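Peer 1: Now for the letters of each chain:
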Amino acid sequence: MEVLTQTIVNGIVLASIYILVALGFALIFSVMQVLNFAHGAIYMAGAYVCYFWGTTFGLPPWAAIVMSAVVLAVFGMLLERFCFRILEKDFNRTLMFALALIVMLQTAADVTVGAYVKRVPSVLPGLIRIGGSITMSKERIIACVIAVFLLLAVTLLIKKTLLGRQMRGVAQDRDAASLHGINVHRIAGIAFGLSAGLAAVAGGLMGSIISLNTYMGDAMLVKAITLVIIAGMGSLGGLLVSGLIVGFIDAVLPIFIGGAGSEVVAFACAIVILLIRPSGLFGQET
Amino acid sequence: MRTKKVVSGVAIFLALALLAVPSMVSAQKAPQTLKIGVHAALTGFASAAEIHQRDGVLLTVDYVNQKGGVTVKGEKYLLEAVVEDNKSTAEGSKAAAEKLVYDHKVKFILGATIPYINIAAGQVTEPAKVIRLLNYMCDTPEEMNTKTPYTFLTGPAIRAGIGPSMDYMTQKFPHVKTYSMITPQDGAEGILGALCEKEAAKRGLKQTIVVAWPHDTTDFYPKVTQALSTKPDAILLVNGYEQATGPIIKAAREMGFKGPAAMANYDDPYDIATLAGKEFTAPFWTHGWSRDVNDPQLTPDMKEVIKRAQAKFGKFHQWNLWGWNEVNMVVQVLQKAQSFDTAVLADTFRKMNKIETVWGPGHMGGEKTYGVKNVVCSRVAITEVLPDGSVKHVKWIDYDIP
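Heads up: the protein sequence lines correspond to chains A and B, in order.
Under our numbering, residues 1 to 286 are what the first sequence spells out, in order.
Under our numbering, residues 1 to 402 are what the second sequence spells out, in order.
Excised from the complex, chain B in its bound form (with noise of 0.2 angstroms):
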């Protein structure tokens, strides 16, 4: 009888044993999951284009877990996107990055775009030592230096996009010498000014006046009034957004305005074009991509992430592809350094050689500009609207920021 319940007692826990044993062994291999900060505008003036890019960094968070996640040390990490608003406003800025390292912990912040936005969600990031990684810098000192090791420049930005808007004006309009120049009132136009009259002296052309519009600004007519006052040959848009391009080009040409007009950032052209009119755009480009995706010249990425916001959220919006470049950032560094520490992170960031964007094959670059080796450097696009109102991708250009 005691026999009997020995052996029925160690038979009990043998079988609890087995039954325990797949479930352990799940437990040591279930990945563990990665939280990455996103810092993006989804309330006021700045959502129409941060909430695409929020967009962006999900759909590449699902496709990097698909592809089995990130591995570090031997451990398989699952990415989860933690997403605070910066409500387009500094103190919004400020209480979303916050949140996002004192409240989620994150290690990795990515977005996002407006100067004053940056600089605000930099005065928590940086002494925190939580990587930041930025859509979009309008070059104002104070978003990027020696005191910002942690920032990141992602992608091209307004200083990657003003000498090639100029090349290809001159090559392809030889007759323009001077051009005025629209950007926003947003503590960044009198860099920008500068930074342009330099560019443009290299080249030989004029650069006749400097118009600044408020974020607010409802009719661009009295701005344009005032940048077409000068008689340029050309109209050069420095920064901005479609809600406000599309408008501006749209008051040029009702204004009698013939000339070419360019925008020097990444502003969507087919957005220009539905709020220009078609029939008025061209001649007009920018440094925003074709949404072709039969067009040889649109890199694989590029045309995977059109797919996938399509398949998604039924529409793509370029600045998808922001957000699919970010988080490519993040895998890329992450499986480079195999460490979650912060300093060494960055470290290996600006010690990267070559790193992959969804734009093509990149560098690091930024230190003799900033004081900090944190620009990944790639290529922007000439993208042109023509006179019945499509888009053509013309072709790549390689910059370097020093």
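Bound conformation, chain A alone (with noise of 0.2 angstroms):
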């Protein structure tokens, strides 16, 4: 009974970080209907300039991973406006700047910070009781707290903003978008600034929670992928549940087979619905 309920709460758990790290990807994606491979080296960036904040600058540590996403923010608009505007109707172009923005990020990292082990400071340490028999951390409370809130509020801000509605049209149809009046350039910057932000909290809550390394993003973009393929494409709220299924493989399956066992099932899960329902259990057909 122990186990189960530890492995229910860690499936829950699992799939809050899990929705933190690919909620910026599924934005780009659903907006810009671009596969940034680059957003877990951002994420891993995110969780090292938090450690900087933290360390160098003492910031507490929620003001370090808020001063992180604002410092990433403004990484990836410049990243749109310089780079990936300019590729951005060549795919193979896109994806080997992705791939060169990766190695630059996770060299970088190693060449200042160096590969000295680096944990970035709790935001809320301590244990918390859950059910009499079952305690955690507190940090990984909060992060659940977050993910649902950030998958809240940029779902809200899709679906009842103006911007949200400008980017809802700029992902139907750029032209027309622009035809219409829409500044589809600033509309992608601030998609680009978001996903950037969005990914530096992720990576200053898992930076704490588990440890930071240059190759932190690696594993984590697998997962953000795997999620945006179950949710299907254009759908942040189906990340919710992508998100449960991906959570709970990882949380169940390793108890019971091997440890890349939970890969394995948790692609063909991915590979099962990419073949039955193209588009993603909530994706729209196209």
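Think of the hints as simulated: they come from the structure by calculation, not from any bench.
Errors might be hidden in some of the hints.
To be verified - Each computed DSS-like pair below joins lysine-lysine, with the alpha-carbon atoms no more than 27 angstroms apart:
no. : chain 1 : residue 1 : chain 2 : residue 2
1   : A       : K138      : B       : K231
2   : B       : K278      : A       : K138
3   : B       : K87       : B       : K147
4   : B       : K278      : A       : K118
5   : B       : K278      : B       : K395
6   : A       : K118      : B       : K307
7   : B       : K303      : A       : K118
8   : B       : K258      : A       : K118
9   : B       : K312      : A       : K118
10  : A       : K138      : B       : K258
11  : A       : K118      : B       : K392
In this text the structure is predicted, and so the values were computed from the model without any measurement.
Mind assembling these two chains? They're in different frames, but the hints should get you there.
Peer 2: Here it is, written out as structure tokens:
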């Protein structure tokens, strides 16, 4: 019973972590139809920038995460303006650029901070007891809460605000949106900035829950892609379901089978969904 | 007139000859260079440790060269480290080994650590008869056997650490009767699980489960849940690295496990305490080492490495010790063999009765276990993380691999 309860809690926490990481990736994919493979590296950079703000400037963990999100948001907007905008019509070159960006960011982190063990200070140290027999760190609970909050906030932004309507317009038809007076480049910049900022928040939280290393973004990028495929393009709300599916697969299966088995099952789910419903569980059919 | 020309010509010739002599003399006395290959992960997950092993090699090469280098058959040789990145992958390992062997033509290669990386490099170095000094070995049969006569293990590896960890566990925590084993999924988990079970039985301990985690694991909660599901008295981590060990210990403590946890390899105790949380880690010990240069139990070589690393890199990492150890092995073997023939070097290495390691005196072993007497045996440390998060060197334990 205790193992079952712990597993359920693990699944919810993992789902939250994955949703947090995948949110920025899904936003860019939904709005700009860009598969930003550098998202994992931006998440990693966000974690290291958060560490930098916390240790060099002595900011409290909360402030360090916010500052890291601001820095990475500006970085995302600059990336869009000077890189992705130029390459936007060429998928292959966009992909090559993203791969090069991954190597650059990882090497920059290695060279500046070095391959030493580091951890972002905890945003909320301490433990909390759940249901009498299960204890969990408060920072994990906070990560869950922040993930759900950000998912709701971004979903409301897209659905209920003028900016969100403009983003949906651009996602539907860029040329038509432009003809209607929407500044497509401004929308793209905001989307990239938001995506990078979300990645930084995820990185800062995960850098505290687990640890920092320059390759921490690689595995998370794969999770983000899996979640987006299962949820479907254009469906941010679908991330909640896909996050829970993948989170519970990763929480439950490792208990019964060898570690990599859960990855295989998660990917198999993504493949089956792509075959049966190519637009994903909640994506719009084209 | 003619006589004057002849005298002038002779004088000029003598002057030129006198000028040439010092440069000829200095050319004769200038030391030659001996390249040593460093096969280390500079990228990928293993880089977290092996970058520091490389750094240890670099600072030891400086140290040896400052002392005049190595003398072989009356000739002085200064060492030069040539580094290739194995990228933490088998393909990268093979490519790095090929560059070192065929492009740089080295006779010695230092590193690496992970089983499939070691095995891949061995496929290149053994046929080329290049002496390879491994940092570490996970005891898979392919890493060292009778078909790898040029591969040597220069420091304590997992086989050396399991027994002492269990001994310390039973001495300090006599109530501990069961433990769950947590290890990376790298091909060695089956062999190490069986080895631990055998060692545990000798000490009246029972292994309740073997939990293997893939190298790209981001969250260890599911694996630790599995490990704790058998309600063990203790946790024994076998292999891994700090970025995994720390979160594993943290997860176990957050899930309410208060029993002893041990790392049977050489993870840095300071890094574990940083990642797990100083208030969480204890009771925990590892065979990694204290950094306290005032601790009389540390060897002079260890203190020298700590000081030099802090001076050169601004910070010491305990993997600097592996690099130092390997270079000093090369120097000792060359000085003893007085030859560059790798067959002679390998034979000399095997027959050395006494060999100095950075951790203290050592001897050669491994013939019964691996079929070749290619293992340097010395001693392991028991280093505890105390409840206040500080680190204490408890004692040294000598080990032998028969």
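Peer 1: Could you check the structure against the hints above and give me the numbers of any it violates, in ascending order?
Peer 2: none
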